[in-house]
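J.: Sequence:
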Amino acid sequence: MAKIILTTDVANLGGPGDIVEVKDGYARNYLLPRGYAIVASKGAEKNVRTIQRAQESRRIRDLDHAKEIKATLEGLGAIQLTGKAAEGSKKLFGSITAGEIVEAIKAAGGPLLDKRVIELREHIKTVGKHSVGARLHPDVKVDVRLEVKAAQ
1 MAKIILTTDV
11 ANLGGPGDIV
21 EVKDGYARNY
31 LLPRGYAIVA
41 SKGAEKNVRT
51 IQRAQESRRI
61 RDLDHAKEIK
71 ATLEGLGAIQ
81 LTGKAAEGSK
91 KLFGSITAGE
101 IVEAIKAAGG
111 PLLDKRVIEL
121 REHIKTVGKH
131 SVGARLHPDV
141 KVDVRLEVKA
151 AQ
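Numbering (the UniProt record's numbering), first residue to last: 1 to 152.
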């Protein structure tokens, strides 16, 4: 059995900062290569508090906090994003990810969110105006307007 410290939420195992024991192969072949965990050592256990503080800053505490964030997001207007596109084309080379949306929200003066709250209805692969959902709380959902532009 391997003793590891989780760095992200892992289904049926635990959350960031949890120290768990798993089978060696599961840790070596799945959790460690993907960055979901680090090997537990004295130095790594000191990092547990840092991991938990970083996660806490992104977590939405309760219904009132979720409503505050919703009001903030609605007040931002359309979030500006850029993507690579061929000259004169509206089609992007890749698609806009939830992580890029979260970074754009933060850059626009919005709150720091976890990328898992963003609900992409379909892949955003074109330049123009789009809308994505953000589930901040089981009872609070907000639509975020995006404006995707081609990078020059």
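Just so you know, not all the hints are guaranteed correct.
[To be verified] With a cut-off of at most 30 Å between alpha-carbon atoms, the simulated BS3-like pairs for lysine-lysine come out as follows:
#  : residue 1 : residue 2
1  : 70        : 46
2  : 67        : 3
3  : 125       : 70
4  : 90        : 129
5  : 46        : 3
6  : 67        : 141
7  : 46        : 106
8  : 106       : 42
9  : 149       : 70
10 : 141       : 70
11 : 23        : 91
12 : 70        : 42
13 : 90        : 67
14 : 42        : 91
15 : 70        : 3
16 : 106       : 91
17 : 115       : 141
18 : 91        : 67
[Stated by the list, open to error] With beta-carbon atoms standing in for the labels, derived distance ranges:
#  : residue 1 : residue 2 : range
19 : 49        : 28        : 23 to 33 Å
20 : 42        : 82        : 20 to 30 Å
21 : 65        : 21        : 31 to 41 Å
22 : 88        : 25        : 48 to 58 Å
23 : 141       : 80        : 15 to 25 Å
24 : 67        : 109       : 33 to 43 Å
25 : 116       : 87        : 32 to 42 Å
26 : 19        : 75        : 39 to 49 Å
27 : 29        : 120       : 25 to 35 Å
28 : 9         : 65        : 18 to 28 Å
29 : 74        : 21        : 19 to 29 Å
Derived by calculation from the structure, the hints in this document are not laboratory data.
Note that the Cβ used here is the ideal one computed from N, Cα and C, for glycine as well.
J.: The structure should be examined with respect to each hint, and the outcome stated for every one.
T.: Hints versus structure:
1. Using a Cα cut-off of 30 Å, the hinted pair residue 70 and residue 46 is violated, with the two alpha carbons roughly 35 Å apart.
2. Restraint check for residue 67 and residue 3: the C-alpha separation of about 39 Å exceeds 30 Å, so the hint is violated.
3. Using a Cα cut-off of 30 Å, the hinted pair residue 125 and residue 70 holds, with the two alpha carbons roughly 26 Å apart.
4. For the hint pairing residue 90 with residue 129, the CA-to-CA distance comes to about 11 Å; that is within 30 Å, so the pair holds.
5. A threshold of 30 Å between alpha carbons decides the hint, and for residue 46 with residue 3 the separation of about 15 Å falls inside it, so the pair holds.
6. Taking the CA atoms of residue 67 and residue 141, the gap is near 9 Å; set against the 30 Å cutoff, the hint holds.
7. Restraint check for residue 46 and residue 106: satisfied, since their Cα atoms lie roughly 28 Å apart, inside the 30 Å limit.
8. For the suggested pair residue 106 and residue 42, the alpha carbons sit about 34 Å apart, so the restraint of at most 30 Å is broken.
9. For a cut-off of 30 Å, the pair hint linking residue 149 to residue 70 stands: about 25 Å separates their Cα positions.
10. Proposed proximity of residue 141 and residue 70 is supported: the alpha carbons are some 8 Å apart, at most 30 Å.
11. For the given pair, residue 23 sits about 45 Å from residue 91 by alpha-carbon distance, which is inconsistent with the 30 Å threshold.
12. With a C-alpha separation of about 40 Å, the suggested pairing of residue 70 with residue 42 is violated against the 30 Å cut-off.
13. Of the pairs offered as hints, the one joining residue 90 and residue 67 is violated, with about 35 Å between alpha carbons and a cut-off of 30 Å exceeded.
14. Under the criterion of a C-alpha separation no larger than 30 Å, the hint pairing residue 42 with residue 91 is inconsistent with the structure, at around 50 Å.
15. Restraint check: the Cα-Cα separation between residue 70 and residue 3 comes to about 39 Å, which exceeds 30 Å; the hinted pair is violated.
16. A distance of roughly 25 Å separates the Cα atoms of residue 106 and residue 91; the hinted pair therefore holds under the 30 Å criterion.
17. Distance check on the hinted pair: residue 115 and residue 141 sit about 14 Å apart at the alpha-carbon level, within 30 Å; holds.
18. Restraint check for residue 91 and residue 67: not satisfied, since their Cα atoms lie roughly 35 Å apart, outside the 30 Å limit.
19. In this structure the supplied range 23 to 33 Å holds for residue 49 paired with residue 28, their Cβ-Cβ distance being about 26 Å.
20. Judged by the Cβ atoms, the range 20 to 30 Å given for residue 42 and residue 82 is violated: they are separated by roughly 44 Å.
21. Take residue 65 and residue 21: their Cβ atoms lie about 34 Å apart, and the range 31 to 41 Å holds.
22. For the pair residue 88 and residue 25, the beta carbons lie near 51 Å from each other, so the given range of 48 to 58 Å is met.
23. Between residue 141 and residue 80 the Cβ separation comes to about 22 Å, which falls inside the hinted range of 15 to 25 Å.
24. For the pair residue 67 and residue 109, the beta carbons lie near 19 Å from each other, so the given range of 33 to 43 Å is not met.
25. One distance hint, 32 to 42 Å for the beta-carbon pair residue 116 and residue 87, holds here, with the actual separation near 35 Å.
26. Here the CB-CB span from residue 19 to residue 75 is close to 40 Å, well matched to the stated 39 to 49 Å.
27. About 29 Å separates the C-beta atoms of residue 29 and residue 120, a value consistent with the hinted range of 25 to 35 Å.
28. The beta-carbon spacing between residue 9 and residue 65, approximately 19 Å, falls within the hinted interval of 18 to 28 Å.
29. Hint check: residue 74 to residue 21, Cβ distance near 45 Å, so the stated range 19 to 29 Å is violated.
The structure is inconsistent with the numbered hints 1, 2, 8, 11, 12, 13, 14, 15, 18, 20, 24, 29, although it conforms to all the rest.
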